[in-house]
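Trainee: Sequence:
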Amino acid sequence: MFAARNIKLCTKDCACIMVCPSGATDTEDGQIDASKCIDGCRLCVDACPSHAIYLVYLKSAHRQEPTAEVSETLAALLYRITEIHRIAVSTAGNPPGTPRENSIYPRFYKALAHSSRILAEDCFREQGFLNLDSQRIGAFMNAPSVRRILKEFYPEDGALETLIHSITNAAERGIDVE
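Residue numbers (my numbering): 28 to 205.
Take the hints with a grain of salt, since some may be wrong.
Said to hold, decoys possible - Below, computed lysine to any residue pairings styled on SDA-like, alpha-carbon distance capped at 20 Å:
1) Lys137 x Ala74
2) Lys137 x Arg113
3) Lys63 x Ile34
4) Lys137 x Arg107
5) Lys86 x Phe135
6) Lys178 x His141
7) Lys63 x Gln91
8) Lys137 x Ile114
9) Lys39 x Met28
10) Lys39 x Tyr81
11) Lys63 x Arg107
12) Lys86 x Ala74
13) Lys178 x Ala147
14) Lys137 x Glu148
15) Lys86 x Met28
16) Lys63 x Ala115
17) Lys178 x Glu188
18) Lys137 x Glu179
19) Lys35 x Cys68
20) Lys178 x Tyr132
21) Lys35 x Tyr81
22) Lys137 x Glu188
23) Lys137 x Arg152
24) Lys63 x Glu92
25) Lys35 x Asp60
26) Lys39 x Asp60
27) Lys137 x Ala115
No wet-lab data here; the hints were simulated from the structure.
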């Protein structure tokens, strides 16, 4: 853990320079020298009157695996989101019976389709599909029910295969696919 400074918020009160025991806050460019920063010290964070200094954590908390009940609920939610997405995409052009001039409906349905795609990605994230081995994510994404749902969000030719390929490759190399 080390401290960092948001230069836009800094009011140059320099209280951080006076309290820092290692001199990490006294730099010419205004940034805090992470190599000098003492892990867990946080004296500069507490001393900063403009709240421009914050801590950067190098390790994140251990993620808890979802229970079976949570997984079932997320699967049901993902199904509902898919239905909303399907309706939004099919009516995005212009819903039947609405005037074409200055209609808000096409923009609304386009935004609804976009937000449902984001919600679906959040459901996958909540299921624990962030840092995975390539076999686990490949098996999951190639499951027929999941492919059917993903095809709704990536209807372009080859888009789904490209997505699965890039995610499994990233997982093989240990890259966070968040």
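Trainee: Please go over all the hints and tell whether each is borne out by the structure.
Mentor: Verification of the hints:
Distance check on the hinted pair: Lys137 and Ala74 sit about 47 Å apart at the alpha-carbon level, beyond 20 Å; violated. In summary, the hint linking Lys137 to Arg113 is supported, as the alpha carbons are separated by about 11 Å, within the 20 Å threshold. Distance check on the hinted pair: Lys63 and Ile34 sit about 19 Å apart at the alpha-carbon level, within 20 Å; holds. Taken as a hint, the Lys137 and Arg107 pair is honoured in the structure, with Cα atoms around 17 Å apart against an allowance of 20 Å.
With a C-alpha separation of about 40 Å, the suggested pairing of Lys86 with Phe135 is violated against the 20 Å cut-off. As the CA atoms of Lys178 and His141 are separated by approximately 15 Å, the hinted pair is consistent with the 20 Å bound. A hinted pair counts as satisfied when its Cα atoms are at most 20 Å apart, and Lys63 with Gln91 does not qualify at roughly 33 Å. Annotation: proposed proximity of Lys137 to Ile114 holds, straight-line Cα distance about 11 Å (limit 20 Å).
The hinted pair formed by Lys39 and Met28 fails the criterion: a straight-line CA distance of about 23 Å is larger than 20 Å. With a C-alpha separation of about 15 Å, the suggested pairing of Lys39 with Tyr81 holds against the 20 Å cut-off. The suggested pairing of Lys63 with Arg107 is violated, with an alpha-carbon distance near 51 Å, which exceeds 20 Å. Taking the CA atoms of Lys86 and Ala74, the gap is about 24 Å. The hint is violated against a cut of 20 Å.
Proposed proximity of Lys178 and Ala147 is supported: the alpha carbons are some 12 Å apart, at most 20 Å. Restraint check: the Cα-Cα separation between Lys137 and Glu148 comes to about 17 Å, which is no more than 20 Å; the hinted pair holds. A threshold of 20 Å between alpha carbons decides the hint, and for Lys86 with Met28 the separation of about 8 Å falls inside it, so the pair holds. The straight-line distance between the Cα atoms of Lys63 and Ala115 is roughly 53 Å, outside the 20 Å bound, and the hint therefore fails.
Between Lys178 and Glu188, the direct Cα distance comes to roughly 10 Å. Compliance with the 20 Å bound is thereby established for this hinted pair. Using a Cα cut-off of 20 Å, the hinted pair Lys137 and Glu179 holds, with the two alpha carbons roughly 14 Å apart. The straight-line distance between the Cα atoms of Lys35 and Cys68 is roughly 23 Å, outside the 20 Å bound, and the hint therefore fails. Our distance criterion of 20 Å between C-alpha atoms is broken by Lys178 and Tyr132, whose separation comes to about 24 Å.
For the suggested pair Lys35 and Tyr81, the alpha carbons sit about 13 Å apart, so the restraint of at most 20 Å is met. Restraint check for Lys137 and Glu188: the C-alpha separation of about 24 Å exceeds 20 Å, so the hint is violated. For the hint linking Lys137 to Arg152, the alpha-carbon distance of about 23 Å lies beyond 20 Å, and the restraint is violated. The suggested pairing of Lys63 with Glu92 is violated, with an alpha-carbon distance near 36 Å, which exceeds 20 Å.
This hinted pair checks out: Lys35 and Asp60 have alpha carbons roughly 17 Å apart, not beyond 20 Å. Pair hint Lys39 plus Asp60 holds up; C-alpha atoms about 17 Å apart against a cutoff of 20 Å. For the hint pairing Lys137 with Ala115, the CA-to-CA distance comes to about 7 Å; that is within 20 Å, so the pair holds.
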